[in-house]
Amino acid sequence: MAEIDTSGGGGHKKGGVKKAKKLSTRVDLTPMVDLGFLLITFFIFTTTMSKPKTMEINMPFKDENMKKEEQSKVKESTALTLLLSKDHRVYYYEGMGSDPLNPPKVEVTNFKNPGGIRQVIIDKKAKVDALVRSGALQPTDKTTVLIKPDYNSTYEDFVNIIDEMSINGIQVYAVVDISPVDQEFITLTEAANAGK
Amino acid sequence: MSRPKIARKSTFIDMTAMCDVAFLLLSFFMLATKFKPDEPVVVVTPASISKVILPDADIMLITVDAKGRVFFSIDNKGIRKALIENVDEWKGLGLTDAEIYQFSIGSSIGAPFNQLKGYLSSTPEARSAYDKTTAGIPTDTSVTNPDNELAMWIRSARNNNPKLRICIKADGEASYPNIQKIIATLAGWKIFKFNLITNLKAVPPGTYASQPAETAAK
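Chains as they are written, first to last, in the numbering used here: chain A, 323 to 518; chain B, 2 to 219.
Looking at chain A on its own, in the form it has when it is part of the complex:
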């Protein structure tokens, strides 16, 4: 492969005069091309062309000194509470479940589509929009989703549910620590579903 072409420019051997062979200046570039492509392959494999994507998240502002009146109030009718639990299950109920005498109806769904949590969020949004149109709620009221991941949920659930918020255009949502009451809701619903 790496020979140097020394054939010169055509040999006329007729004349008796011996011509000095002209050395060609042509160099075989094949090995150089090989080397070039080898290095290209190396750089292609080590490079990170696509920059990692990130998701911005704002947690609710928490301050011990904050006064009760300054805390933002969420209307029961705009709220939807999602409880993330094991096996990528989502328990949900409308409102915030703050009335102990009147426990909310807790239902269970998952992240599968269609028919999963996305439909629940879309339905809730439509409901709030209808309430706003009928005048029961102010136009400034927006669907508020409270996300409470429990101890059995994974990070993937957490990212998925926040992603659902941006997919469905929910502007107001908050990730809150799960309360014992909510934990109780999950256990009760689980027990009720197991009996079926």
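It should be emphasised that the hints constitute simulated quantities derived from the structure, not laboratory data. This one's a predicted model, so the numbers in the text were calculated from it and none came from an experiment. A few of these clues could be false.
Said to hold, decoys possible - Here are the simulated distance ranges between beta carbons: (1) Gly457/A <-> Pro178/B: 41 to 47 Å; (2) Ser346/A <-> Leu25/B: 23 to 29 Å; (3) Asn474/A <-> Val22/B: 54 to 60 Å; (4) Ala203/B <-> Ile366/A: 52 to 58 Å; (5) Thr34/B <-> Ala458/A: 36 to 42 Å; (6) Pro436/A <-> Asn77/B: 31 to 37 Å.
Unchecked claim - Pairs of lysine-lysine residues, derived as DSSO-like cross-links and limited to a Cα-Cα distance of at most 27 Å, are as follows: (7) Lys427/A <-> Lys397/A; (8) Lys202/B <-> Lys447/A; (9) Lys341/A <-> Lys202/B.
Note that the Cβ used here is the ideal one computed from N, Cα and C, for glycine as well.
Using the hints provided, position chain B relative to the given structure of chain A.
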């Protein structure tokens, strides 16, 4: 009698052009490349539709692997050096210059303070073996807990560079309480805005996010 001469074509191809192309591509890749930072653990991040690109500089990276082990890293070599000097002074680790240098050129750290000196003085092979077995940086939900070493790392890093953007890169399998500890630690330092590193996935059709921006704004 002479046979008609068949012009013998040479099989020799001029490689110059190909060589040019190869080296053109090579120079492109050499300039465009940014080496993958060596990660102590493999992390498979969940996917989201977010298209925000992670900025290049001023990053604090908190890596959480599938078992919930926490690793801490910041990007700038100079700041890393300042950070480790602060930590060394504060915790009285007694690091040598060589160990400080090892930290500044290294990547994510998953060693608790009391094992940090041993970790930094060992060989790269021993370090990667250590990363596989370590329990990660101890974390807690309260920043006042002296065992919450992540809180101390975050605090010293932010003292050195207040512009640091905090990114959490966690494995999808990591259980939520581990993430909650980090979020609570950040909240303890009054950090309520941070980034989660995710993979990109397609926007599901027919949803709010798939509509063009002008209709979505209405």
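Going down the list of hints, with the structure as the test:
no.	hint	verdict
1	Gly457/A <-> Pro178/B: 41 to 47 Å	43 Å, holds
2	Ser346/A <-> Leu25/B: 23 to 29 Å	26 Å, holds
3	Asn474/A <-> Val22/B: 54 to 60 Å	56 Å, holds
4	Ala203/B <-> Ile366/A: 52 to 58 Å	25 Å, violated
5	Thr34/B <-> Ala458/A: 36 to 42 Å	59 Å, violated
6	Pro436/A <-> Asn77/B: 31 to 37 Å	46 Å, violated
7	Lys427/A <-> Lys397/A	17 Å, holds
8	Lys202/B <-> Lys447/A	24 Å, holds
9	Lys341/A <-> Lys202/B	72 Å, violated
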